[in-house]
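Peer 1: Now for the letters of each chain:
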Amino acid sequence: MNYLSIRNLSARVKGGGPLLRDVSLEVAAGEVRGLVGESGAGKSMIGKAILGILPKAVDITEGQILLDGTDLLSLPPAERRIRVGASCALIPQDPLTALNPSRRIGPQITDRLVHILGWTRSDAEARARALLGEVQINDPARVLRQYPHELSGGMRQRILIASAFAAEPKLIVADEPTTALDVTVQKQILKLIAGLQARHGTALVFVTHDLGVVSKVCQSLSVLYSGRVVEDTTVTDFFRAPKHPYSAALLAATPKYTDPSAGLKPVPDAVIAAVKAEVERG
Amino acid sequence: MADGRSQVRRRAGVRLWLSAIWLLLLILLAIFAPHIAPKDPLEQDLFSGRLPPFWVHGADKSFLLGTDSLGRDVLSRIIFGTRIALAVAFISGTLTCIIGAGLGLLAGFYRGWVDVLVSRFIDIWMAFPPVLFSILLIAVIGPGLFSIILAIVVIDWTRFARVIRAEAMSQGAMDYVASARVAGRGKFGTMLREILPNVLPIIVVLLTLEMGIAVIVEAILSFVNLSISTDDPTWGGMISEGRTSIHQAWWVLVFPLITLFLTVLSFSQLGEGLKDRFDPVLR
Amino acid sequence: MALLQTLLLRLVTTAVTLFGVAVIVFFVIRVVPGNPIAMMLPPGATQADIDQLTALYGLDKSIPQQFLIWGLGVLHGDFGTSITLRQPVLALVLGRLPATLELSVMALVMAVLVGGAAALTGTRLRATKVEGGIDIANGMALSVPDFLWGLVLILVFGVLVPVFQISGRVTPSLQLPFVTNFYLVESIVRLRFDLTKDLLSHMFLPAVALAIPLAAIIGQLLKQSLKETMHLDYVTLARTQGYSEARVIWREALPNAILPTLTLVGVQFTFLIGGTVIIERLFSYEGLGNMAIDAVINRDLPLIQGIVILFAVIFTGVNLVVDLTYAALNPRLRHG
Amino acid sequence: MNLSRRSLLKLSVAAVATSVALPSFAQAIDELVIAYNVTLPSWDPTTGPSAVNPTIQGLYQSVFDQFILQQPDLKPAPGLLTEWGWNDDKTQVHMTVRDGVTWHDGSPFTAEDVAWSLERAADPATGNPINFVWSSLANFKVDGNKVTADVKQFDPTIFKWMYFLTGYVLPKAYYTKVGAEGFEKAPIGTGPYMVDKFEQNAFVRLKANPTYWGGKPDFDTVTIKFVTDAAARVAEIEGGSSHVTLEMPYEEYDRLKGSMNGYATPVSNIGMIFLNDIEVMLDPNVRKAAVAAIDKQAIVDRLLSGYGVPIDTLETPDYDAYDASIKTPYDPDAAVKLLAASGYSVDKPVKFTIQTTKGYMPKDYEMIQAIVGLWRKVGIEATIEVYEIAKHYELRAADKLAPAAFYNWGNSVGDPTTSTGFAMFGPSPHSVWDSKDLIDMIGPLWGEKDEAKRIAGWKAVDAYIAENAYVIPLLQYVQPILAAKGVVVTPHHSGALLPHLMKRA
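Residue numbers (my numbering), protein chains in the order written: chain P, 1 to 282; chain X, 1001 to 1283; chain L, 2001 to 2336; chain U, 3001 to 3505.
Just so you know, the hints here were simulated from the structure itself, not pulled from any lab data.
Think of the CB as a built atom: it goes at the ideal place given N, C-alpha and C, for glycine as much as any other residue.
Each computed DMTMM-like pair below joins lysine to aspartate or glutamate, with the alpha-carbon atoms no more than 25 Å apart: (1) K1039/X - D3347/U; (2) K3351/U - D1045/X; (3) K14/P - D2233/L; (4) K56/P - D2135/L; (5) K56/P - E2228/L.
If you want a taste of the chain U side facing chain X, the calculated C-beta under 10 Å gives, among others: (6) A3231; (7) Y3250; (8) D3254; (9) D3295; (10) L3374.
Could you put together the complete structure from these sequences and hints?
Peer 2: Right, dumping it as structure tokens:
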């Protein structure tokens, strides 16, 4: 039984157009699944749906989100909150705004362990120090007492990652965790996430528009276009021979490290028209 | 490619429309007062004093909302009172806005000694207790429409100045201003063409709120018996006159109060509505 | 070090502000028609009497001269004697300040509680009928002048349902063992809760009348600031961690939303003290405001001067305190 | 002076309550609470602005005694002075001082206190506003319980001032010991009540003076709360937190008098319109038309719920020089004819400004609005200008009042000099009409030694003023007083509300 299985999930804006169209997705325990697509394709919307943080103006019209066998959508809000809080975590996109400016780093990691998971304060603090070590922060005790504005973007993202893994979640949703960082720091952060994921065996849903990132971190991926999953395959098969024309075009539009002079080919209009038609047909 | 976010339409502001309609109604009343008002607001008849509104027993149908202690028609006085209320609201509102926003813009954008001077001026001005200062002011220049407007402008311009100065400062720090300067435009030109348009929405919002406040200040000054000296009817004057015979002729106080209340409410809801409309990021 | 430097700068600017206020008030009230001497002329007084009385109160000298005398006096604590009350102005004004301060602080506390609750509920139930209702209530509270709220309260609680006292600050027949003029504070300190009850029963209605518009303003500002904070990432992150909506608002959004509202509350507080003039008049509450109106009506120049200067000191003082608390609360400023 | 049946009804009968008594007053009142309409600025009744403020004299008369006692009907009676008068050629005055009286601190009251009080009033340095009257007496001599003084300049009203503004006796020993500021903090007098506790602008608690020469008052403790807002005063008495209050709107008096003891007494305070001898007012037709066009009875009945006595001269029925035969009847047609004679009409009205206070006296502003309305019907267009009472004094002292200016003139002594005299005598800074004919007519009356001749002289002046319409007298104010069932009040025609005249029902 897969840890996370999304079945025929559709969502629309209140009094507006569709956002997700009949999305189905399976993620086994410990698996790293990439969600790929152009911005606005609905990939981060799926992440938000799993964690239950969809904007108020978005309604889920049908479908199920089974987490470890239980459909989150059928649970009463309070129970769903506790279950997600205990077993899932989010690595946010922009570290600069994802930490509460008026509170120290320490409590922002330990509070959740104490309040939601019922740990003792001392265990929580020990855990926080350990995790900061795992994300290569050399003086954890001092950092725990500092305020967010005293730290760089890279440091903050490390703290957020540490905070996510601290609760030993079964599933982590990483919502484009490196987009807001500059390139040099990106590589370190990706290596960090991959390392921690392997060690902790956490299932990871990795939302990104960068196929390069997918190739380095993910085992499988789903390609999305305008709210619909157009292809669902393993990373190796995708890069060897993408089945769907849109996937192939997408791959072609990505710079190859191996052959920099190959030049970029934008997704041809014909392909766009075809996939649009397919998606509209529903 | 349908991006969900752009379709989140702002819920049509019912309150916004209601307040706009009420204010339009007032403007019409003010302009066509002589034709609309059933009676001459100043005409007295001591022997038909304190007649109740039409639906109450013992009413005189020709006085729809009853008469005050001097036998003047309450409805006509409210209608003519609209003229003074809107005059006070628009004139003092605009003046406050021009002076306050102007100084605020200069201080916020030019910084330096201009900012120091204006800020000191604001501090000194805000150190005066508002109501007491207006009483003193009116004692100097004597009561009357002009002095009320002056009193409101003198007290409230600091409200504009402070907000616009802060806004101009934050806008001034933004990149689009630097790029305009790089494009060789003079400092004053930049302020007018770059900063002002972005600060304008807030000015408009503050302006509508200020108009509401002006109407209330006129009512407060009437309570302290310093409002308009002439016979011309003002809502504030009617409310303070109606106060003494609240038990016998409640309508003399209640109807102008309702009108004042709806007007000020409309101004504030209009201000709120505009604030949401102008807000760049759709909430 | 930075904090000390800003403090010094602030003190200098405060001094400049106070001096500016003193000069302006001094000249404005001397230009006011209706000099106090004319007030005292009984039937039959002759021009000689007028000159003699004017000299007695030192009003015959030129205005700059009068300002100099007054200024020197102020430097060593003598603000002159009130013409109508025939007592030193400083003693009068300081004697009355505690009553107004207590009333204003009580009104502020009420406003913060009610306004805060309205903002939190408005945010918690945003985009629902409840929030619409709260907005309307805020609008209504602001659309009626506070003296009319006072009137309504007098009619309802003074006459129809006589639950609260409607005039004065304390029941005259009570023996007050107080040393300072801070009756409320001292009654609590001395554990005389019977007196506290009586004081509160007198202060409740005027405080409510003052608090209503202020609560609306605080409610609107805090809700606006809260709603903006609710969209920030760290709030969303907290939701994913399992915190309930209410706790998210209380723990994450509120602390960061309070800061911008604080400065505005500081400013409103000084307007509040200025605004007590009307409410004190209506409730015959013997604070600074009530004395101020009599001073203006009777053209008691030294007293008006003293009252306005005191208001200026309070205003600049409150501003200073607000700025310091803002710096203290805001970690970015505290840790340099 | 015609009294319509309706207003007569209201005046003569004290409306004793018949319907159900207010529950909270069933039991007897041990501590009387009065809601007073003005605050007491200072305790020295002889200096500063409060010394000439008529509305405060009631508070002073509860604690201090005047040289001579004024009875509720304004007539004088023996007070601290049992006997007083001039010598034959009126070059000296003599006074006999009552004995067996003590100050509130127990010290004895002697002739020394009387002499010292008079000397102090005569001394310009103390700032007594009525100095010009008291300085007409000099070199006071005390002999046992007799005080004599020389008359530097004969003033026929000197003894009347002894029961009028600043005519109070202060304790010589105590005052010299504690000084002005000490006296302000702990004032003592010989009056019916002693000051127990005073809270500025809030209240004063009085304790009955057990050894008062006029008999110990009924209520042992009296609290006078200063409640300047009329609506608040009404709420005080209706809500039961005060037993007696005064000066509430007449409509409220009518509403509440049924369920309480109500008293409506004409007092020594009149509403009038000064006419300034400038602009259009120089034309007698305009002045006479202005007077004839005012229906004073209608204004009293409609605006003041009938509480007011229309008057045609500056004297009220209680005053010494009152002459009922002087009439200026309401005659709008005559007004139109008079105006036509000077070329004015409803279409081409005469224009001038009328100044008035707003909210200073009951319905002052509404009365002027009503008068302007009446004037508009006959061809007079007056624009109203509102000013504060302080500005009125300023303009009057500088003789810069508008052609017409509303004012109220208090005169609890009832003597013509302090009403018609000071209001109409050119040289006095208080007069507004300064024509030579009136100055010559009033001049000799100041020093007239023969009382009958003096009064007759003033009556002639009043008639002359009415005939030439040099001023527009309007009405004598009626003071409304409401008291709980358990309290019977004796109103004083001077308008002073005196706790020691209040008895338990």
